[in-house]
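Q: One-letter residues, chain by chain:
4 protein chains.
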Amino acid sequence: MTVKIGVVGYGYWGPNIVRNFAETPGAQLVAVSDLRDDKRALVERRYPGIRATRDAREIFAATDIDAVAIATPVGSHYELALAALRAGKHVLVEKPMTADAAQARHLIEEAEKRGLTLMVDHTFCYTGAVRKMKEMVETGELGDLYYYDSLRVNLGLFQHDVNVIWDLAVHDLSILEFVVPHKPLAVSAVGMSHVPGTPENLAYITVFYDSPFIAHVNVNWLAPVKVRKTLLGGSRKMAVYDDLEPSEKLKVYDKGITTTPSPEQIYQMLVGYRSGDMWAPQLAGTEALSLETRHFIDCIKGKTQPVTDGAMGLGVVEILAAASQSMALRGQPVDL
Amino acid sequence: MTVKIGVVGYGYWGPNIVRNFAETPGAQLVAVSDLRDDKRALVERRYPGIRATRDAREIFAATDIDAVAIATPVGSHYELALAALRAGKHVLVEKPMTADAAQARHLIEEAEKRGLTLMVDHTFCYTGAVRKMKEMVETGELGDLYYYDSLRVNLGLFQHDVNVIWDLAVHDLSILEFVVPHKPLAVSAVGMSHVPGTPENLAYITVFYDSPFIAHVNVNWLAPVKVRKTLLGGSRKMAVYDDLEPSEKLKVYDKGITTTPSPEQIYQMLVGYRSGDMWAPQLAGTEALSLETRHFIDCIKGKTQPVTDGAMGLGVVEILAAASQSMALRGQPVDL
Amino acid sequence: MTVKIGVVGYGYWGPNIVRNFAETPGAQLVAVSDLRDDKRALVERRYPGIRATRDAREIFAATDIDAVAIATPVGSHYELALAALRAGKHVLVEKPMTADAAQARHLIEEAEKRGLTLMVDHTFCYTGAVRKMKEMVETGELGDLYYYDSLRVNLGLFQHDVNVIWDLAVHDLSILEFVVPHKPLAVSAVGMSHVPGTPENLAYITVFYDSPFIAHVNVNWLAPVKVRKTLLGGSRKMAVYDDLEPSEKLKVYDKGITTTPSPEQIYQMLVGYRSGDMWAPQLAGTEALSLETRHFIDCIKGKTQPVTDGAMGLGVVEILAAASQSMALRGQPVDL
Amino acid sequence: MTVKIGVVGYGYWGPNIVRNFAETPGAQLVAVSDLRDDKRALVERRYPGIRATRDAREIFAATDIDAVAIATPVGSHYELALAALRAGKHVLVEKPMTADAAQARHLIEEAEKRGLTLMVDHTFCYTGAVRKMKEMVETGELGDLYYYDSLRVNLGLFQHDVNVIWDLAVHDLSILEFVVPHKPLAVSAVGMSHVPGTPENLAYITVFYDSPFIAHVNVNWLAPVKVRKTLLGGSRKMAVYDDLEPSEKLKVYDKGITTTPSPEQIYQMLVGYRSGDMWAPQLAGTEALSLETRHFIDCIKGKTQPVTDGAMGLGVVEILAAASQSMALRGQPVDL
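Residue numbers (the UniProt record's numbering), protein chains in the order written: chain P, 1 to 336; chain Y, 1 to 336; chain F, 1 to 336; chain B, 1 to 336.
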């Protein structure tokens with residue numbers, strides 16, 4: 001069986017989706033829709049055998065299409081995904097899943113009711129580095145998790161419809177959902193816009209959990225240098241993930257502290273330091289998106305739940321929404 | 001005239017103070033006090049001509065001492081500095097100035113009343129990189145200031161008496177007081193302790209100002225790698241300050257955005273990008289502490305106000321105190 | 001007038017040549033030849049309107065083709081380029097131009113005789129960094145040139161037909177031909193093969209000039225890390241070119257020495273040090289190969305000499321040949 | 001038994017020797033000599049109990065001195081060390097051991113005849129990184145050694161008496177003597193002076209061995225940036241040693257090639273690539289010179305041969321001398 005694919009949106013990310021589905025075994029790319037003439041012309045030049053259409057509804061109505069990938073601005077995700085599901089199509093939707101949690105819940109419901117696969121394109125969860133971090137958490141190699149601390153800044157594309165949190169922090173929130181076994185309880189976020197009439201271009205987000213684990217994400221569209229640096233601290237080992245390193249993206253440090261009760265004061269601990277080797281594991285080199293499109297096809301065929309399913313997409317949207325709310329309150333924590 | 005110096009405390013930082021005063025023209029090191037026998041033995045071996053005493057009061061009482069440097073834990077700063085001022089000595093006190101703002105105000109008052117020099121050892125304000133940043137702000141080279149964003153983490157010495165904010169963030173707060181012309185209005189901070197019975201070992205602090213400028217400081221004693229990276233963003237240029245770089249500690253980027261009103265929507269701006277040269281100015285190579293001890297002597301002799309005077313020390317303590325308060329409220333902003 | 005292009009060879013580099021000519025204004029891609037069936041199938045899938053042929057002679061014979069790009073192993077360059085020129089086609093030939101200097105001279109002659117454009121694909125000469133270095137040499141910004149020192153190593157593709165010099169050092173030699181105004185006089189090279197039956201996989205090459213300028217190139221296919229670092233030292237300034245830096249590939253240091261005659265000894269100089277700012281100029285972001293294919297078309301249309309013409313290609317081949325000869329003599333210098 | 005130490009020379013390196021002997025258990029610093037009044041004044045201020053003398057002969061003649069450290073320019077090493085040995089003193093001599101091989105051989109003879117310890121101050125052999133490299137070679141972790149490739153450049157102190165090889169390459173040659181089990185056979189070196197009347201300020205040296213191992217050293221006093229980067233390639237693993245890294249100075253890569261005989265051609269090998277983890281071992285943090293002064297005392301007391309004995313010092317001098325000779329012949333190899 002071949003899964004026949006339609007893609008809605010051929011803007012920034014759509015071409016990557018299309019290129020990967022074109023090379024995914026078991027998938028066949030059938031149609032692409034985009035509102036812009038030049039984008040459709042591009043599709044036609046690059047993929048002569050594929051239908052390029054203006055109206056996404058033609059894709060939903062097409063009887064030769066089994067699954068739809070939606071790569072449009074976040075504001076339209078809900079409506080398009082809903083239409084696709086109602087037309088009986090499996091759906092892969094660009095992140096963030098929807099503009100609010102109610103919409104995400106509705107899509108999950110709709111997919112479940114119809115027995116359709118609903119997957120969110122949280123690409124980072126398919127990278128070698130993030131999968132290795134998850135593995136180290138699950139095997140206990142890192143010990144108890146202490147913190148996740150991410151710096152994700154660059155001179156970026158200001159967006160008009162969403163703030164920097166929905167554009168950049170969404171990556172960290174999906175990694176957190178994927179890697180961290182604890183449950184987020186509340187969010188505190190602050191941010192600022194430096195251009196009147198545009199959404200916040202920098203933000204600092206803290207997520208509190210049901211354990212002594214804390215996550216912090218620093219995102220900025222107005223930084224002079226590009227930085228992608230994440231620390232994941234545990235009681236046994238600590239990892240540094242730098243996505244811009246050409247090789248050795250993930251470094252694992254056998255470092256930490258040891259604590260012994262202080263003889264003087266019962267409530268106080270004596271803290272010692274442990275310092276050992278550093279280790280950069282060899283990571284899988286496959287393009288994350290290629291792994292992801294294969295996974296989408298596998299889930300459809302095997303009727304299994306995707307790694308980045310609707311529930312994970314919802315979890316990310318809930319934190320994004322709470323962060324935006326906290327930001328309006330200058331950092332006051334908002335419960336999840 | 002030679003200013004005769006007594007130093008209280010020969011622990012972690014005291015030896016640096018002593019070494020620099022020993023080489024400062026116009027200063028003469030006379031006595032050092034420390035409670036620990038081994039520390040006094042060290043002083044005697046290294047500086048045969050200098051009195052080593054157990055009791056700081058001997059230093060305050062000595063008629064051949066004009067000025068006192070206090071390099072003890074923060075909890076004792078107030079009491080010792082007050083005693084020194086009351087004994088008619090000029091005072092250089094280690095940072096943070098005091099454990100709370102009331103104490104700092106009292107010391108300022110006491111020094112003013114007696115016409116004595118009161119200076120706080122905010123060493124970073126005497127480094128070539130920070131002085132160049134201040135210069136670029138003052139000449140308008142950076143344009144309107146947008147943000148200050150600092151990552152200051154390492155596997156650090158856990159302290160029992162103060163949390164990581166009072167140990168590490170104090171550096172950034174002094175740089176902010178020194179470099180930024182805006183007035184801080186409120187602070188939001190979150191933090192966490194991973195060792196029961198010890199203060200917070202990581203913290204994220206945001207300072208709000210009376211302008212569209214925002215400051216963020218990320219400090220952590222439990223990081224596997226040492227990072228000292230500060231971004232200072234302005235409307236014309238942006239700087240990256242990396243204190244661990246052996247050379248080119250400060251890089252200035254001729255990058256930013258341009259904004260024009262959108263023709264479609266009156267409230268929206270079209271954002272464009274500017275990208276130009278990067279420039280790493282040659283920085284003064286003098287040891288900051290050496291510059292600082294000279295400045296202390298100059299202020300005493302010339303009866304001028306130090307760059308890092310009591311008022312700046314107080315400003316820093318006020319933010320530290322507000323940050324600790326906000327931290328107890330999980331990030332709720334605390335007004336200054 | 002549109003220049004109609006045929007490309008011979010669709011292996012490692014050919015696809016880049018084809019892709020760039022496909023987007024070059026004034027050029028029209030007409031045919032591609034490759035001996036391998038799968039490569040031709042790839043061409044047909046990617047460029048439906050283009051002829052894919054097994055035999056390069058069909059390209060030379062085609063009356064609708066004006067110019068030919070040759071992207072085959074170096075051993076076949078001479079024969080193919082000669083056939084193309086004799087068929088009246090302009091020629092862009094992959095670097096190194098030929099396997100020996102006599103072949104290169106013959107091609108230059110043949111092209112001149114027929115009034116055809118002959119260009120060598122020394123892509124680095126079209127990068128922003130190398131063009132900026134040339135500009136700094138020409139304007140005198142670097143002062144008198146002292147040395148060129150390049151480290152170009154990685155875990156690389158061992159080749160069977162050529163040694164590491166012909167694969168990696170060829171880049172540095174073309175940069176030297178392009179940037180340095182002095183005349184090379186002799187070459188000393190040493191190298192070693194660590195796999196019996198394969199050519200040298202590491203080599204160290206020194207080029208002597210008719211001035212106190214010296215060039216050194218260190219190439220290695222067996223290095224655990226990829227390094228691309230070039231120092232260009234002058235009497236006024238010095239540049240560091242790191243092609244792996246995502247931004248700031250070129251850094252210019254206002255550093256150097258000052259010399260004054262020693263009072264004691266007439267033959268001796270007192271050497272002082274100058275240390276100033278570092279500056280990373282904004283570089284043109286255009287893909288080098290795209291600039292190069294446009295330049296090829298412009299040269300054909302305007303009947304002008306290419307920047308990387310046959311003479312430069314010959315200069316590079318002469319040094320490559322001399323280096324291989326010196327290598328066989330364990331470093332004995334070979335005159336050019 | 002306490003070994004009583006005299007130090008000759010208190011210029012650039014002498015103060016480090018003195019400071020370390022002052023803290024070495026089993027050693028007692030007795031006297032320091034220097035021709036310059038200000039240097040002797042410095043000694044007296046820093047070490048009140050120690051004799052400071054103008055004439056080294058007083059040190060050799062002193063009956064309360066057992067061992068002498070010589071930290072003077074290389075031109076005087078032979079004469080001073082010889083006088084010390086003849087006076088019955090054990091000798092630690094600064095590197096390079098002597099100005100030529102005959103002198104080094106004579107010192108070895110003289111020390112042997114008298115049963116005295118003769119050690120050369122090749123400090124790098126006492127660093128954690130170099131000792132770990134030696135260990136990895138000895139345990140076979142790196143496999144067969146392929147190459148040693150070192151880049152050691154900076155804007156350095158031009159010296160009038162020796163060229164850059166004797167100043168900088170001496171470090172690499174001592175590491176090679178220490179780490180590499182193969183026997184050096186010949187040297188090819190080229191260099192250049194850019195200041196008339198001063199010795200060569202840059203040089204490229206290649207050392208050939210009695211095995212398919214090759215060493216290359218690139219040294220330069222006129223580089224705009226400081227680089228200390230060494231690659232050590234083996235058949236099983238490869239190491240990168242960067243002495244400027246604050247931590248992780250040594251990185252070990254589980255990378256390399258695999259070779260299988262080509263089915264087509266009996267003389268040709270098919271080369272494949274292996275890529276695995278990277279590992280940065282925790283290194284001993286002790287100051288190398290402190291380890292070295294202890295080792296000197298231990299060798300004197302136990303009558304054992306130092307790790308960096310006269311024979312190693314001689315080996316280094318032989319290569320330095322051959323390299324200087326080859327340099328005069330523009331790279332012609334000189335047999336050892």
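Don't take every hint at face value.
Chain copies aren't distinguished; within one or between two, either way the pair holds.
[As the list claims (entries may be wrong)] With a cut-off of at most 25 angstroms between alpha-carbon atoms, the simulated SDA-like pairs for lysine to any residue come out as follows:
1) K251 with Q282
2) K229 with Q282
3) K251 with R274
4) K251 with R54
5) K303 with Q28
6) K229 with G302
7) K4 with L329
8) K113 with L329
9) K39 with S211
10) K226 with T2
11) K4 with I257
12) K226 with R36
13) K39 with L116
14) K39 with G272
15) K303 with R114
16) K249 with A52
Just so you know, the hints here were simulated from the structure itself, not pulled from any lab data.
Nothing here was measured: the structure is a model prediction, and the numbers come from that model.
Q: Could you run down the list of hints and mark each one as holding or not?
A: Quick rundown of the hints versus the structure:
1. Both within a single protomer and between protomers do K251 and Q282 lie at most 25 angstroms apart by alpha-carbon distance, with minima of 10 angstroms and 14 angstroms respectively.
2. In the homo-oligomer, the alpha carbons of K229 and Q282 lie at most 25 angstroms apart both inside one protomer (18 angstroms) and across protomers (23 angstroms), since each shortest distance falls under that limit.
3. Both within a single protomer and between protomers do K251 and R274 lie at most 25 angstroms apart by alpha-carbon distance, with minima of 17 angstroms and 20 angstroms respectively.
4. With identical chains, the CA atoms of K251 and R54 are never at most 25 angstroms apart, being 46 angstroms at best within one copy and 48 angstroms at best between copies.
5. In this assembly of identical chains, K303 and Q28 lie within 25 angstroms of each other by CA distance solely inside one copy; the values are 18 angstroms within and 48 angstroms between copies.
6. Taking the closest pair of Cα atoms, K229 and G302 never come within 25 angstroms of each other, the shortest separation being 36 angstroms inside a single copy and 48 angstroms across copies.
7. Proximity of K4 and L329 under a CA criterion of 25 angstroms is satisfied in neither setting, with 46 angstroms inside one chain copy and 53 angstroms between copies.
8. Proximity of K113 to L329 under the C-alpha cut-off of 25 angstroms is found in neither arrangement, the shortest distances being 38 angstroms within a copy and 43 angstroms between copies.
9. For a Cα distance limit of 25 angstroms, the shortest separation of K39 from S211 qualifies neither inside one copy, at 48 angstroms, nor across copies, at 42 angstroms.
10. Taking identical chains as interchangeable, the C-alpha atoms of K226 and T2 are never at most 25 angstroms apart, the minima being 41 angstroms within one chain and 41 angstroms between chains.
11. When the C-alpha separation of K4 and I257 is checked against a cutoff of 25 angstroms, the pair qualifies neither within a copy, at 54 angstroms, nor between copies, at 42 angstroms.
12. In the homo-oligomer, the alpha carbons of K226 and R36 never lie at most 25 angstroms apart, since the shortest distance is 31 angstroms inside one protomer and 42 angstroms across protomers.
13. Neither within a single protomer nor between protomers do K39 and L116 lie at most 25 angstroms apart by alpha-carbon distance, with minima of 29 angstroms and 39 angstroms respectively.
14. In this assembly of identical chains, K39 and G272 lie within 25 angstroms of each other by CA distance solely across copies; the values are 22 angstroms between and 60 angstroms within a copy.
15. Taking identical chains as interchangeable, the C-alpha atoms of K303 and R114 lie at most 25 angstroms apart only when both belong to the same chain, with a minimum of 12 angstroms there against 68 angstroms between chains.
16. For a Cα distance limit of 25 angstroms, the shortest separation of K249 from A52 qualifies neither inside one copy, at 38 angstroms, nor across copies, at 40 angstroms.
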